[in-house]
Amino acid sequence: MTKQNLIHYIYGIADNALILGQRLSELCGHGPTLETDIALTNIALDLLGQTRSYYQYISNLTTDGSTEDDVAFLRKERQYRNVLLVEQPNTDFAYIIVRQYFYDVFHYMLLQELQLSKDVNLTAIADKSIKEVGYHQQFSGDWVKRLGDGTSESHDKTQQAVNDLWVFTEELFHLSNEDKIVVDSGHGINPKSFKDQYFNKISTLLEDATIKVPESKYFQKGGKDGIHSEHMGYILAEMQYMQRTYPDMKW
Amino acid sequence: MKKNWPLWEVFVRSKNGLEHRHFGSLHAPDAEMAIKNARDVYTRRKEGVSIWVVESKYIKASNPDNNAEMFDPADDKAYRHPTFYDLPDDVEHM
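If you're matching them up, the sequences are chains Y and D in order. Numbered according to UniProt numbering, the first sequence spans residues 1 to 251. Numbered according to UniProt numbering, the second sequence spans residues 1 to 94.
Treat the hints as calculated values from the structure; they're not laboratory data. C-beta: ideal position from N, C-alpha, C; glycine also. Please note that a few of the clues may not be correct.
[As the list claims (entries may be wrong)] Part of the chain D face toward chain Y, derived, beta carbon under 8 Å:
#1 K15
#2 H22
#3 L26
#4 A28
#5 N37
#6 D40
#7 V41
#8 R44
[Claimed, not checked] Here are the simulated lysine-lysine pairs, DSS-like style, with alpha carbons at most 25 Å apart:
#9 K195(Y) x K212(Y)
#10 K145(Y) x K3(D)
#11 K128(Y) x K46(D)
#12 K217(Y) x K250(Y)
#13 K76(Y) x K250(Y)
#14 K118(Y) x K217(Y)
#15 K128(Y) x K15(D)
#16 K60(D) x K131(Y)
#17 K131(Y) x K15(D)
#18 K118(Y) x K192(Y)
#19 K201(Y) x K212(Y)
#20 K3(D) x K60(D)
Same shape as in the complex, but just chain D (with noise of 0.2 Å):
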C-alpha cells in the first residue's frame, strides 16, 4: 500500500482555555488536506475551535522495552502529585 496518503495525527483544543489534545489519526496527502480532514472527521458535532495535525513520522514514541526504567520508579512516589491541596471553587479545568 505505498500508494497510500501518509499518516497525521490530529490534536484539537475543544473550547478556548483548554490544551489541544491527541482525537485521532487520518490520511491526507498533505497538511492543508489533513486539517480539512481534520475538520470534517473530528470537529462537526462542534468538538472544537482550533486544529493541529503533525505527519505521524514525525512523533518519537518511548520504547516499550524499557517501561521499567522509564515509568515503575514513580510508582511509590504519590507525593509528587498536588493532590493535598484544596484547590478554591473557581479554579477551572485542573
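The following block holds chain Y by itself, in its conformation from the complex (with noise of 0.2 Å):
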C-alpha cells in the first residue's frame, strides 16, 4: 500500500462529512425550527470537525505542503470522494432527516470497524467521532419515526423521501480498486461485511415509522469515483469561493 492509496481512502470517508457538513450548514437560520435548526447546526460541526482532523492527518502524509485548508478548499469536483447521498439537496424536512439517517447508520458502522484498523490515527479519530455519531444516528432515527407515524401530510413527505433517496443507499459500500489496497493491508475497512446489517437497521426502523422499504434493486453510484450529480458544482462554488477569490486568506 502506498501513501497515495492511503489519501485516497481517507478521502472516500472525509469528504462525506465534509459534503453533508455543508450541506447541514446551509440550514443554519433556515431550521423549520429553533431547536432543530440549532440540533441540525450541531451535527454540521460535528461532522466539519471530524472532517478536519481526516485532513490533518492527510496533510501530514502529503509531501506537496498541501494544507488541511487547501484540500477541503482547493480541490477540483472529480477529486471529491463523497458519495451521491450527501450531495442531495435539502428538499424539505422529510428528506433532510431521511438523508440524514441513511447516512448516520452508515457513518456508525463504518467507524465501529474503523476502530479496529491498523491505522493509529484512523483509530483514533473514530474513537473520537463515535458518539458523536451515535448522537446523530438517534436524533434522525427518532425524526423518522415521529414524521413516518406523524400525521398523513409528514408520513407522505417521508415516503416520497425515502423513495427518492433509496437509489443512492448502495453506493455507501462501494470500493474502489485502490481502496481495496487499503483494506487488505488493515489499515482500511470492509463496509460490506456490515452491509446486510445496515440495511437489516434501516428497513426495520422505517417499518417501524409505517413506512414502506423500496423494492427497486437499481442504485447509483459515481461519487466515489468522483463523477458527481448536477448538485455537486454548486455547493463546491458556494463552499470554495473565499478560497478561490482571496487566496490564502486568513481569519
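Taking the hints as your guide, dock the two standalone chains into a single complex.
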C-alpha cells in the first residue's frame, strides 16, 4: 500500500462528512424550528470537526506541503470522493432527515469497524467521532419515526424522501480498486462486512415508522469515483468561493 | 400560533453534587424530544450532567399582586440567614 492509496481511501470517508456538513450548514438560520435548527447546525459542526481531523492527517501524509484548507477548498469536483447521497439537496425537512438517517447508520457502523484499523490515526479519529455519530443516529432515527408515524402529510413526505433517496444507499458500500488495496493491508475496513446489518437496521426502523421499504434493486453510484450529480458544482462554488477569490486568506 | 409545540422549562445539573438549576425554556412536542432539544440548546459545551424538563403549564407561579404579603415581612429579619457562622474551608457549594 502506498501513501497515495491511503490518502485516496481517507478522502472516501472524510469527503462525506465535509459535503454533508456543508449541506447541513446551509440550514443554519433556516431550520423548521429554533430547536431543530440548532440541532442540525450542531450536527454540521460535528461533521466538519471530524473532517478536519481526517484532512490534518492527510496533510501530514502529503509531501507537497498541502494544508488541511488546501485539501478542503482547492480540489476540483472530480477529486472529491463523497457519495451521491450526501450532496442531495435540502428539498424539505423529510429529505433532510431521511438523508441524515441513511448516512448516520452507515457512518456509525463504519466507525465501529474503523476503530479496529491498523492505522492508529484512523482509530483515534474513529474513537473520538463515534459518540457524536451515536447521537446523530438517535436524532435522525427518532425523527424518521415521528415523521413517518406522524400526520398523513409528514408520512407522505417521508415516504417520498425514502423512495427518492433509496437509490443512493448502495453506493455507501462501494470500494474503488485503490480502496481495496488499503482494505487488504488492514488499514482500511470493508463496509461490505456490515452491509446486511445496515439494510436490516434501516428497514426495521422504516417499518416501525409505517414507511414502505422500497423494493427497487436499481442503485446509483459515481460519487466515490468522482462522478458527481448536478448539485455538486453548486455546493463547491459556494464552499470554495472565499479561498478561490482570496487565496490563503486568514480570518 | 395554536400549532406551536408546547413550552418546556429546562433544569440542568451542572455537576454531580449540585442541584438542578433553571436554564431556560424551549419548545418540543413531547418530553423525550424536550430533553433532546435541551441537550442541543443548553448542554453542548459541557454545561451539565443531568437534565430535567417540565411542561411550563404545570408551573404555578406566585401572583405579583401579593408580593407585599408574600415577601416584605422578611425585609427586616436578616437573622434568618445563617450568615453569622464561620464555615470550614472544606464545605463546598454553600
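Interface hint status, N37(D) versus chain Y (Cβ within 8 Å)
Holds. Min distance 4 Å.
Quick check on H22(D) please, does its C-beta sit within 8 Å of some C-beta on chain Y?
At about 17 Å, which exceeds the 8 Å cut-off, the nearest Cβ of chain Y leaves the hint on H22(D) violated.
So, L26(D) near chain Y? Judge it on the closest CB pair being under 8 Å.
Holds - the Cβ of L26(D) comes within 8 Å of chain Y, reaching about 5 Å at its closest.
Assess, step by step, whether the Cα of K3(D) is no farther than 25 Å from the Cα of K60(D), and give holds or violated.
Since the Cα atoms of K3(D) and K60(D) sit roughly 23 Å apart, the hinted pair holds (cutoff 25 Å).
Given R44(D) was flagged as interface, is its beta-carbon under 8 Å from a beta-carbon of chain Y?
Constraint on R44(D) satisfied, holds at 6 Å.
Given hint K212(Y) paired with K201(Y) - CA-CA distance at most 25 Å:
Answer holds: K201(Y) to K212(Y) is near 14 Å, not above 25 Å.
Below or equal to 25 Å on CA atoms is what counts here, so check K131(Y) against K15(D).
OK: K131(Y) and K15(D) at ~20 Å, within 25 Å.
Mind checking the alpha carbons of K195(Y) and K212(Y) for me, to see if they're no more than 25 Å apart?
20 Å, holds
Per-residue hint verdict: K15(D), partner chain Y, C-beta under 8 Å
19 Å, violated
For the pair supplied as a hint, K145(Y) and K3(D), is the alpha-carbon distance within the 25 Å limit?
20 Å, holds
So if I understand the rule, the pair passes when the alpha-carbon distance is 25 Å or less; does K128(Y) with K46(D) pass?
16 Å, holds
Does the structure keep K118(Y) and K192(Y) at a Cα separation of 25 Å or less?
The given pair, whose Cα atoms are some 18 Å apart, holds under the 25 Å limit.
Violation of the numbered hints given earlier is confined to hints 1, 2, 12, 14 and 16; the remaining hints are satisfied by the structure.
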